[in-house]
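Engineer: Chain by chain, the residues:
There are 2 protein chains.
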Amino acid sequence: MASKTVPYVSTVAELRKIVARWRKAGERVAVIPTMGALHEGHLELVRRAQRKAERTVTSIFVNPAQFAPTEDFDKYPRTFEDDLAKLKGVGCDLVWAPRKDEMYPGGFATRIVPAGAAEGLETDFRPHFFGGVATVCTKLFTQTGADFAMFGEKDYQQLCVIRQIVRDLNLPLEIVGVPTVREPDGLAMSSRNRYLSADQRARAITIHHVITKVADAAGKGRGLEKAIEDGHAALTTAGFRQIDYVAVRDAETLKEWSKKAGRPGRVLAAAWLGETRLIDNIAVPAAKR
Amino acid sequence: MASKTVPYVSTVAELRKIVARWRKAGERVAVIPTMGALHEGHLELVRRAQRKAERTVTSIFVNPAQFAPTEDFDKYPRTFEDDLAKLKGVGCDLVWAPRKDEMYPGGFATRIVPAGAAEGLETDFRPHFFGGVATVCTKLFTQTGADFAMFGEKDYQQLCVIRQIVRDLNLPLEIVGVPTVREPDGLAMSSRNRYLSADQRARAITIHHVITKVADAAGKGRGLEKAIEDGHAALTTAGFRQIDYVAVRDAETLKEWSKKAGRPGRVLAAAWLGETRLIDNIAVPAAKR
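Taken in sequence, the protein lines are chains A and B.
Numbered by the working numbering, the letters in the first sequence go through residues 1 to 289 in order.
Numbered by the working numbering, the letters in the second sequence go through residues 1 to 289 in order.
These are computed hints drawn from the structure, not numbers from a lab.
The structure displayed is predicted, hence computed values, not measured ones.
Don't take every hint at face value.
Each pair may be met inside one copy or between any two copies, as identical chains are not told apart.
[As the list claims (entries may be wrong)] Calculated lysine-lysine pairs in the DSSO-like style (CA-CA distance at most 30 Å, straight line):
{"hint": "1", "residue 1": "Lys52", "residue 2": "Lys17"}
{"hint": "2", "residue 1": "Lys255", "residue 2": "Lys100"}
{"hint": "3", "residue 1": "Lys100", "residue 2": "Lys154"}
{"hint": "4", "residue 1": "Lys24", "residue 2": "Lys52"}
Bound-form chain A, shown alone (with noise of 0.2 Å):
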């Protein structure tokens, strides 16, 4: 009798047994780390890490710790009953939704502190932010034993960070990083996207296009400095109240990139739509030979 939902479970007795029980049968298990609001972005999560592995986790978890007084944890979209139909639909094993006091039991007191990919970019405007993210997933994949760990490309500098913390602590599993999903006209998915207006969602593409021409022009290997001017003035041009950063970097340790240098780039960007803030990256494109 097939569960009309996912099944879930909210202690980590409960997740280590059910995984216990894969592994003895052999099966290999993915986790997929969420803050739930799911969308499409997420879903393509679960299909790749049914390619990797026997059994997948997806983790719903509001983690305060990485969100500043300031910023919107109380409001952040909780669409639990949603998410596990979806996560059903797309064939997900188990839903691993602790509690908050589950996740930080009262005398909790340790934090990882990551820096390399964790410097500047989004450390320079929530310099909270890494810290609180590396503690959690650090959390997940020491709780769920996981073999793969699924990250979109959407947060491309937290895939880089994860990395970088797997790599520095020998976490036994492999971070498996997945391109971005878009909406048709080019929109990266995310679970902040519903805080927007139709007015809103209709400018909100620029940072797309603004993104697109700076690795165009990084590519080319000409151009980029106004490229990058050029895109600050779309931006605010489409109404953008705050343009946090628009910058070229190396795509895998996140500091200054030249094209010389003859490494992979990433177009990083972050901007401010009336009180959302919106992030999106795209690779520079490899030099034609």
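Dock chain B against the given chain A, drawing on the hints supplied.
Structural biologist: Relative to chain A, chain B alone:
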């Protein structure tokens, strides 16, 4: 043919290959983290480990991240051949002896920052210390994939900090604390004892006498302040040139202790004899009923 010494590996890849073979045979693994310069206290950790797990791995790594620039990293005793012979003697299965660049490769940038049990005491005098310990121990746990890790009570605050990070980060192993091994006169065994001159060695035992008297007063619930005062005086008379602390704390949280709360207490002390810093600790005797 029995080898003359215990086998050792120096890369994570080799280590994991051997441990995977053990796991496949259903064997459990205990790790004994050390900085080498092994003495009877370390060997006791190996013997205890053998009661918990089929396989024992002793790590030998003098961890630069837990020494301040002013501390004794360079002169810390390194006695690798002698350590291997001792470990062979007690039947340890494997030595994990990474080089520095295997533990901290180029680009390494992640720190684990413990709080809670890490606050005060050692941290007041060695603020860098537990961050370095927490990071390297987490790596030793993930590198070995051990089921158990053995720590001596000699470094009592360290044991509490390790328990804290294992709990906070959901690391899937059990931390086993092992009572301090002492010389016939009561001095806690320590790799740093070899720094002591014969004259200092004779006077070093005062630290053990002092904490014993303080613990006795704490257990009786009278004369605690005076016992601590007398202890300071006794250490100074014995030639200790600086007393970092003589303190009674909650045996688990290391927060302030009072007999009224009815919780286990621990007396901890740290003091300098010449250029050698000695630490020791002892349980507050439980109230007789």
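Engineer: Could you figure out if Lys52 and Lys17 sit no more than 30 Å apart (CA to CA) within one copy, between two copies, both or neither?
Structural biologist: both (22 Å within a copy, 22 Å between copies)
Engineer: For the identical chains here, do Lys100 and Lys154 meet the 30 Å Cα criterion within one copy, between copies, both, or neither?
Structural biologist: within (26 Å within a copy, 35 Å between copies)
Engineer: I want to check one pair: Lys24 and Lys52. Are their C-alpha atoms no more than 30 Å apart within a copy, between two copies, both, or neither?
Structural biologist: Classified as both; 18 Å inside a copy, 22 Å across copies.
Engineer: Regarding Lys255 and Lys100, is the shortest C-alpha distance of 30 Å or less found within a copy, between copies, in both, or in neither?
Structural biologist: between (35 Å within a copy, 25 Å between copies)
Violation of the numbered hints given earlier is absent; every hint is satisfied by the structure.
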